[in-house]
Every structure is written in structure tokens, then in C-alpha cells.
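Number of protein chains: 4
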Amino acid sequence: MIIGVIGASSCSPEEAKLAENVGELLAQRGVIVVCGGLGGVMEAVCRGAKSKDGLTVGILPGQDSSMANPWVDIPVVTGLGEARNVVVVKSTQSVIAIGGSYGTLSEIAYALKSSIPVIGLNTWSLSRNGQEDDSIIKVQSAAAAVDKAISLAKRPKNYEIASLHSQ
Amino acid sequence: MIIGVIGASSCSPEEAKLAENVGELLAQRGVIVVCGGLGGVMEAVCRGAKSKDGLTVGILPGQDSSMANPWVDIPVVTGLGEARNVVVVKSTQSVIAIGGSYGTLSEIAYALKSSIPVIGLNTWSLSRNGQEDDSIIKVQSAAAAVDKAISLAKRPKNYEIASLHSQ
Amino acid sequence: MIIGVIGASSCSPEEAKLAENVGELLAQRGVIVVCGGLGGVMEAVCRGAKSKDGLTVGILPGQDSSMANPWVDIPVVTGLGEARNVVVVKSTQSVIAIGGSYGTLSEIAYALKSSIPVIGLNTWSLSRNGQEDDSIIKVQSAAAAVDKAISLAKRPKNYEIASLHSQ
Amino acid sequence: MIIGVIGASSCSPEEAKLAENVGELLAQRGVIVVCGGLGGVMEAVCRGAKSKDGLTVGILPGQDSSMANPWVDIPVVTGLGEARNVVVVKSTQSVIAIGGSYGTLSEIAYALKSSIPVIGLNTWSLSRNGQEDDSIIKVQSAAAAVDKAISLAKRPKNYEIASLHSQ
Chain A
1 MIIGVIGASS
11 CSPEEAKLAE
21 NVGELLAQRG
31 VIVVCGGLGG
41 VMEAVCRGAK
51 SKDGLTVGIL
61 PGQDSSMANP
71 WVDIPVVTGL
81 GEARNVVVVK
91 STQSVIAIGG
101 SYGTLSEIAY
111 ALKSSIPVIG
121 LNTWSLSRNG
131 QEDDSIIKVQ
141 SAAAAVDKAI
151 SLAKRPKNYE
161 IASLHSQ
Chain B
1001 MIIGVIGASS
1011 CSPEEAKLAE
1021 NVGELLAQRG
1031 VIVVCGGLGG
1041 VMEAVCRGAK
1051 SKDGLTVGIL
1061 PGQDSSMANP
1071 WVDIPVVTGL
1081 GEARNVVVVK
1091 STQSVIAIGG
1101 SYGTLSEIAY
1111 ALKSSIPVIG
1121 LNTWSLSRNG
1131 QEDDSIIKVQ
1141 SAAAAVDKAI
1151 SLAKRPKNYE
1161 IASLHSQ
Chain C
2001 MIIGVIGASS
2011 CSPEEAKLAE
2021 NVGELLAQRG
2031 VIVVCGGLGG
2041 VMEAVCRGAK
2051 SKDGLTVGIL
2061 PGQDSSMANP
2071 WVDIPVVTGL
2081 GEARNVVVVK
2091 STQSVIAIGG
2101 SYGTLSEIAY
2111 ALKSSIPVIG
2121 LNTWSLSRNG
2131 QEDDSIIKVQ
2141 SAAAAVDKAI
2151 SLAKRPKNYE
2161 IASLHSQ
Chain D
3001 MIIGVIGASS
3011 CSPEEAKLAE
3021 NVGELLAQRG
3031 VIVVCGGLGG
3041 VMEAVCRGAK
3051 SKDGLTVGIL
3061 PGQDSSMANP
3071 WVDIPVVTGL
3081 GEARNVVVVK
3091 STQSVIAIGG
3101 SYGTLSEIAY
3111 ALKSSIPVIG
3121 LNTWSLSRNG
3131 QEDDSIIKVQ
3141 SAAAAVDKAI
3151 SLAKRPKNYE
3161 IASLHSQ
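Protein chains in written order, with my numbering: chain A, 1 to 167; chain B, 1001 to 1167; chain C, 2001 to 2167; chain D, 3001 to 3167.
Isolated chain A (complex conformation) (with noise of 0.2 Å):
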């Protein structure tokens, strides 16, 4: 299973905190973690998974792998800029939001486009013509966020994404 987590390149302490327990559970639970492969919440989520010995993919906007942090371990080198933020959503079966700025707003908004069901820890919050939209599954607890991502990640259409760690 592949689940994203996605949440601005600078965050708060207690983000940070959020998303190192998310990365800690994900590989607990055997699930390869993909990310925008930045500092910040993507930085946070990386180290917790390598803590608990998951395996990490970040998707980088550069030119080169310069700029992942030290717990990527499969760097995927864009050079799309921006536009890389679909590229991260569409690699996962749920994503789980962080905090995050107005690039995290564009993974939420291409993740519903595309059914990818989001999973949201203080994060944004939508209404469209004066009427909610609560498609962001509100969560309150890192474990709430992985048990959620995990019980409705998507099913690819024909194939089987094996876990490496499940096997």
C-alpha cells in the first residue's frame, strides 16, 4: 500500500511532531510513505518512517536530488516545479494533510479531483458558494489519520500494489 502525507516545507514544531508519528505508523503498518521529499512536514514524516524502518519516496520539484532530505530513500527528480504536486497525489491511494500552505491546498484540491480520499490533521477547510464541502476527512490523532488513510486507500483498478514490508 502506498499512502501520501503532505504538509508545507517549513511547520510548526508540534507538525513536525504529528507527522513523525504518522511516518512512525505507516511503516509499522507496512506502508511505503511517497511525499513532496522536502524539509519541513515532508522532512518529519520521512525520519519517522526510516525510525521505524519503512521505505520512503520523495518527489522533488528541482533539478537534482540536492534538495531531499537525508530520509528519502528512492528520490524521483521532477524538474516540474509546482506541477509536481499532482505527480505526488496521484502516486497514492490516500493522502494525510499536515497543517499546510497554498501548495498543500493543490495536492487536497488534484487529490478529491482524482477520488483520492484525504485525510486532514489541522489542516484546510472548504466551502464552496457558502455551502461546506466536507470531503477532508477531519482527524484529531495520528493514529486516527493512519488507521482512516489506511481503511479507505483506494484499490488500484488491476493491479495489486504489494507492500515490500508486508511480505
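Please keep in mind that the hints were generated in silico from the structure rather than gathered at the bench. Mixed in with the good hints, there may be bad ones.
[Said to hold, decoys possible] Result set (DSS-like, lysine-lysine): computed pairs, CA atoms no more than 25 Å apart in a straight line:
| id | chain 1 | residue 1 | chain 2 | residue 2 |
| --- | --- | --- | --- | --- |
| 1 | C | K2113 | D | K3138 |
| 2 | B | K1138 | A | K113 |
| 3 | D | K3113 | C | K2138 |
| 4 | A | K138 | A | K154 |
| 5 | B | K1052 | B | K1017 |
| 6 | A | K50 | D | K3050 |
| 7 | B | K1052 | B | K1113 |
| 8 | B | K1050 | B | K1148 |
[As the list claims (entries may be wrong)] Now the in silico label distances, taken between C-beta atoms and shown as ranges:
| id | chain 1 | residue 1 | chain 2 | residue 2 | range |
| --- | --- | --- | --- | --- | --- |
| 9 | C | G2030 | B | K1017 | 31 to 39 Å |
| 10 | B | S1010 | A | K154 | 17 to 25 Å |
| 11 | B | S1135 | A | S115 | 22 to 30 Å |
| 12 | A | D147 | B | Q1028 | 49 to 57 Å |
| 13 | B | N1129 | A | S51 | 22 to 30 Å |
C-beta atoms are modelled at their ideal positions from N, C-alpha and C, and glycine is treated no differently.
Following the hints, complete the assembly by docking chains B, C and D onto the known chain A.
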């Protein structure tokens, strides 16, 4: 001056009316209209702009120009799918969002991230972590949207984009 | 009709001369010129087209329009880096390659893959597994390049791209 | 170390054999294999790598992972169409081209542009303006290709990409 108009590929008659009116007013002010080139709001704004002899650019997601609406003068064929949303936004000096679905939300997010002003007509509202984000400038009419979009248009750094029509 | 002109951002005086001449001839025939929007061949073709009152579109790799050459009418800002090469090619009905480096070679490859005719002036030659690939139509003058590019231009499926200048 | 293997989605039995052998040898040397994730050469190299317990990354052009070949461990879903070729190349430290069509040619061009070494097995030859370009390092066997690709692999600037398998 180049202004973007964003909105869904299917829309209500009221939204289409608003978009057509925005297109007319932009063309009358000599502004080049950039949009995603498809139907709905995109088609209506192009139709409006062409009715006043404007110039329209459609930045398309598909592999060829066959999906462009008939009022697109210059089809830019990206083949990028939804990643073309970034290109729509970055090619503008300000954007007017009319109604809109998750694709439009991703464009709003990209614009705010790039400090490109976003003017909203019956579109998304955002809050983050319980706090309202009022970066989208809400207006109530096509005329107000066009006025705001022109007055707030971001200046290119060292390049004067001449309006072809105001020469 | 929309024709692309591709070549390196730094070029010899002879290549610049050829590109400028190609731009003049395309504009005189009412063709919209699409290019990568930067210097060298791209700048020369835009300068030529504008000297004959043509319309030029520059599809830029960077984050804003500040790198566009001064003869670009419509800067399309992609932020995609070299991935913008796909967009340059797909937006055309045929391309004229003048000289060129590896970026130009990637554009030639994309054009041939999409069955967009490629006319070559002092550009790449290809062979595969020892066998020559003569898909690039080699010509010896700007006039021949423009003639071929217009006569071979790929027709859009269901969309007649009107030349703004031939109306 | 991360090495790319590029080639067409349909290929001759000889090319498939070569690709499978390349995959086996890369896996035995602890190298992560990156490819475009589809059939032909891409499928053969993944099958080879998995037969030796390697790790494979498939960077896919489509909207979901349903087109990935069954030996892809980590499907990166780009939704970018052929623009994903840039991502395949930039994510590697060197690439091995086997046979190949125009898509492969675009990848070779991108690699050479980014100074990523290209090792060729029965693939394209280039000349520019009548002069041969010998940037593609031609070899005659899978073993020679793998040796060259490993010895010439580009070092990331400030980031040591650890081989998961050599730890």
C-alpha cells in the same frame, strides 16, 4: 495585459452568463484572456471575448486541440492532463474564478502560492486550522471582477507584456 | 495555422539569420509562430515575425515571463523546466528545427512521436541500429523550410485553427 | 545507486532478452532500477530485476497505476503523458538505452542535456550538421552496459543515495 478566467467545464446558466460577461469586458479593455480551453466557464468566457473582438488563449490538457472550444484563438496543447492547471495560472497576471470544482480549487491554490491575485465570483472560501483565509477577493459582479483583476494585475519583472489591442 | 520553430538559446550568426528569415516568411503567410520564448534561434524567429507584423507565442520553462525575449507577444509561463519542450511541440501543426542542441533533439523526438512533421535546417540526423531514419525533412533555405512546413502542416481533428492574420 | 533503463513499449525478443539480463545484473549489484513502467523493454528489465530480488520504480504516463507491468514495485503515477520522460531520466544517475523508438530518443536527449551518462545497446546514433555526436556510449552486451552505467553514474551533489540492498 493577460488575465486568466478559471471555472469548471460544466457550469450553471448563471455562471455561463457571468463568464461571458467577464469575457466581453476583458476584451473591451484590451486584455488577452487565458483559460483552460474547454467547455463550461472556459467556453463562455472565450465566446464573450470573441464577441468583442478579443484574443483568447486556451491551455489544453489533452493530446491535441480537438477538445478546444470554438472560441479559442490560440490552442496551447500540453498533453499534461491536470498538471496543465499550473500553466494556466502562471501565464496570467491575475485570475478571475467563477464557481468552480476541485480543478478550479487547484488553480486558486497555485495562484495564491505564486502571489497572483485571485478575484472570486461565487467560488471557493478557505479557512485553515479554523481561521478564515481571505486571500480570494470576493466580488459580486462581472464588472467588479474585471475592474479588480485589471487594477491588481501582477507586473512582470522586466518584461512589459503589451496588449495587442491597446496599441 | 500554427507552426513551431525550435533551436538552441545560443546560436551562430548564420543560424540567427536563418531563423529571422523563417520568422519573416511565416508572418507574411499569416502563420502564428510558437517557440520556446528564450534567446538564440527563438529570439531571432520572433524578431523576424514581428518585423512583418506576425503573432508570436513563447512557451517558457521558467517561473515567470522575465526570461521571454522582447518579441514574444504571448508568454505562456509553464514553470515546468525542460518538460515544457513537449508543450512547444504539441501546440504546433509542424515544426522547423534550426541547428539545435539536445533540447532541440528532445523536441524533434516528441514531434516525430506525435506525427508532427519536422523540417530541418542544419540540424540533427538520426540513425537507429545502423539504419538511417530520414523522418526529418532536410531543406537548404528558409523559404524551402517555410514552404514545406505549411504544406505538410498536420490538420487538427475537428477544429479549424483560424489564422488571425488571414481573416 | 539508481539507474534508468529506457526502451520501447514493444520490442523484439532479442531486446527483451537484453533488457531482462540488464535487470538481473543491476539487481545483483544492488542498484535500484527506474523505468517508464510499461511493457516491452520496461517490463523485461523489471522482470529481470525482480528475479534477482531487486527494487523497481515505474514512472507512468497515465492517470493511474493500471498500466504498470506486474514487476513494478513502486508505481509513480504522473498523469503527464509523454512529459513523464523527463522525470524518468532526471531520477537516474545514468541510463541504459535498449533499442528504442522516438520516446526513447527524447529520453536520450534529456539525459545528454542533463549530463547524465547514456549507455546504448542497439539504439540511436546521432549526428549534427554532418558531424557525428558520440555522446552515447555504445556497448555490445548487457554486462558491459551495466558495468559502464555503474562506473559512470553521476554523483548527486550533496546527497548520498544509499542502495537499499548494499546496506
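| field | Structure versus earlier hints - violations, ascending order | value | Structure breaks hint 7 only.
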